[in-house]
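**Q** Single-letter residue listing:
Number of protein chains: 2
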Amino acid sequence: MDQRHESSATSASGTATKPLHCIVKLGGAAITCKNELETINEDNLNVVSAQLRQAMISGPFHGMDWSRRPGSLEIPTVADNFDDQSESGSKKFIVVHGAGSFGHFQASKSGVHKGGLSKPLVKSGFVATRISVTSLNLEIVRALAKEGIPSIGMSPFSCGWSTCERNIAVADISTVFKAIDTGFVPVLHGDAVLDNSQGCTILSGDVIIRHLAEHLRPEYVVFLTDVLGVYDRPPTEPHAVLLREIAVQEDGSWSVLKPKLQDTSRQVEITVSAHDTTGGMVTKIAEAAMIAKLGIDVYIVKAATDYSARALNGHLREDIPNDWLGTVIRLAK
Amino acid sequence: MDQRHESSATSASGTATKPLHCIVKLGGAAITCKNELETINEDNLNVVSAQLRQAMISGPFHGMDWSRRPGSLEIPTVADNFDDQSESGSKKFIVVHGAGSFGHFQASKSGVHKGGLSKPLVKSGFVATRISVTSLNLEIVRALAKEGIPSIGMSPFSCGWSTCERNIAVADISTVFKAIDTGFVPVLHGDAVLDNSQGCTILSGDVIIRHLAEHLRPEYVVFLTDVLGVYDRPPTEPHAVLLREIAVQEDGSWSVLKPKLQDTSRQVEITVSAHDTTGGMVTKIAEAAMIAKLGIDVYIVKAATDYSARALNGHLREDIPNDWLGTVIRLAK
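Chains A and B supply the protein sequences, listed in that same order.
If you're matching positions, the first sequence starts at 1 in the UniProt record's numbering and goes up one per residue.
If you're matching positions, the second sequence starts at 1 in the UniProt record's numbering and goes up one per residue.
Just so you know, not all the hints are guaranteed correct.
Just so you know, same-sequence chains aren't split out, so a pair can sit in one copy or run between any two.
[As the list claims (entries may be wrong)] Think about it this way: if two alpha-carbon atoms lie no more than 27 Å apart in a straight line, the pair counts; the simulated DSSO-like pairs of lysine-lysine are:
(1) Lys146 - Lys119
(2) Lys34 - Lys114
(3) Lys109 - Lys34
(4) Lys114 - Lys91
(5) Lys109 - Lys260
(6) Lys91 - Lys119
Rather than coming from a laboratory, the hints here were simulated on the basis of the structure.
Assemble the whole structure, with the sequences as input and the hints as a guide.
**A** This is the structure we're talking about:
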């Protein structure tokens, strides 16, 4: 494991540590209400948090959010039988979330992604975007902690990550590595960051995941979204076909293995979800293919369903059951 | 400036940048209600934010918090005349805040400061403490942004800062430096961090300030607290005397210059505020003396008063007016 990450982070004990099990993307469209400004889809987030806990932790667990809710006088209960327990078995996960109805308004109003920090509007929008996305991050960290997941919010900006011409320039993963190595679950997010060429930009959750996957080599990556998976055309159109399995060649090209499309020469319109201003679906599938090219399975699946539970639990790593709905993107055998 | 910081951060343009003007500590007791769990002292925070804006920014300003309040349906107004303006003049500030009634409950319940991350209670408390202090951080960033201060929340944990035997081991300031260099106001806070020797601990805001002051050499440092300054005994006791000026020698020893104490041989009981579990007043005064030893004036003053406004504006840098109440700690001339 140690040779795979780019920094000087090492296990505190110096012993070999369990490798990273999984990176999970909580898609903005799956955990927020996309048409309501800064509104979390509480039902989905709660189910997703419970599914993540089941996938990560075997054994007893306790709530780790001991804070008041804003506006509430109620003080959360803290369990008092911690000392009776040994630590539960747990698999190492990293969570990355998108912005959904958080951040996009502020970013698009000000054009943060286009840079130009000397303009007061862009500078203000940068601050406003970070307030919005870090608010969402805090809520997700709390939802996970409530379920007993030792979640730690980590903003790419604070981690010192920056871009050049909107591609990652500096993204030292040593702090993320140390967090997983000590048993925490880092929760990162798409963020406004500094850009060496244009001043600032938006670093998307998908780009973050590819970077983390490249350096930390998880066993698999799960994208939780608001539709069943990748379709051959926008899923709202009649006769849209869910692509069940996509094979990626070592040169990065890819083809649909399942189902057999009638017209294989036709360029499929790749659509997972409509709510994304940081690159759209072509970026999304390209990022997934780049991860699959590393030999890491990628599952794109509808959040808060039985399908997502099975994907998170790693039940798809050998054969993909016929009764599982979603899209698997993996290296061609 | 560039030779003063420890990392490879340089101005993007390569030109000399204005040095750091001031580091401000927002004491936990000044900005939270100390006896009410996780309750912000909104009145004080609003006045402090306005005073900070006046000290930092000359010229027009606009609110930079464009997010909904939790539970509110109201969408904040975004000004539409940004493009008519050139950027306002601004002085470089860093804000560091304490925890007050945030974080302390979670930290003391679990003993995070004593380490032992393999214990489920400590690990949970670490997560719970970070949720509480980052909630406060977000609220402070929002209050400052609302006043037009380009505030950026930066958690020491996310910045990769860690300790060894509870002293700072790794605290790369390059991200903080880049943030101030590009015109933002970093807002840091006391945080739960990893410790190389005992697993984890609490890194206090005061220790963070000393570290930043050492490497970034601000012109002065202001501690905003809930009493007028440093007294010769607990300020609630009768006949407590406010120490107006303390002179620090190059060897770190210090003496009270003003007022002339009747019994100079008596060891004064140093008391600024009672609400602090991360070291108490002896630590606080020792940290301030270590900053003063560097030739940087330290002002300890009651938040949200005319005295704090004058301290933040740098009006005390030559002579200390007789009608100013607070404590100045500076290198003996």
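**Q** When Cα atoms must be at most 27 Å apart, do Lys146 and Lys119 count as within-copy, between-copy, both, or neither?
**A** between (41 Å within a copy, 18 Å between copies)
**Q** For Lys34 and Lys114, with the copy left unspecified, which applies at a CA distance of at most 27 Å: within, between, both, or neither?
**A** Within. Shortest intra-copy distance 23 Å satisfies the 27 Å Cα cut-off; inter-copy 43 Å does not.
**Q** Could you figure out if Lys91 and Lys119 sit no more than 27 Å apart (CA to CA) within one copy, between two copies, both or neither?
**A** Between copies, since 17 Å is at most 27 Å while 45 Å is not.
**Q** Within a copy, between copies, both or neither: where do Lys109 and Lys260 come within 27 Å Cα-Cα?
**A** neither (43 Å within a copy, 59 Å between copies)
**Q** Within a copy, between copies, both or neither: which one fits Lys109 and Lys34 at a CA-CA cutoff of 27 Å?
**A** within (17 Å within a copy, 39 Å between copies)
**Q** Please sort Lys114 with Lys91 into within, between, both or neither, judging by C-alpha distance up to 27 Å.
**A** Only across copies: Lys114 and Lys91 sit 26 Å apart there, 39 Å inside one copy, limit 27 Å.
Hint check: a violation occurs at hint 5 only; the rest are consistent with the structure.
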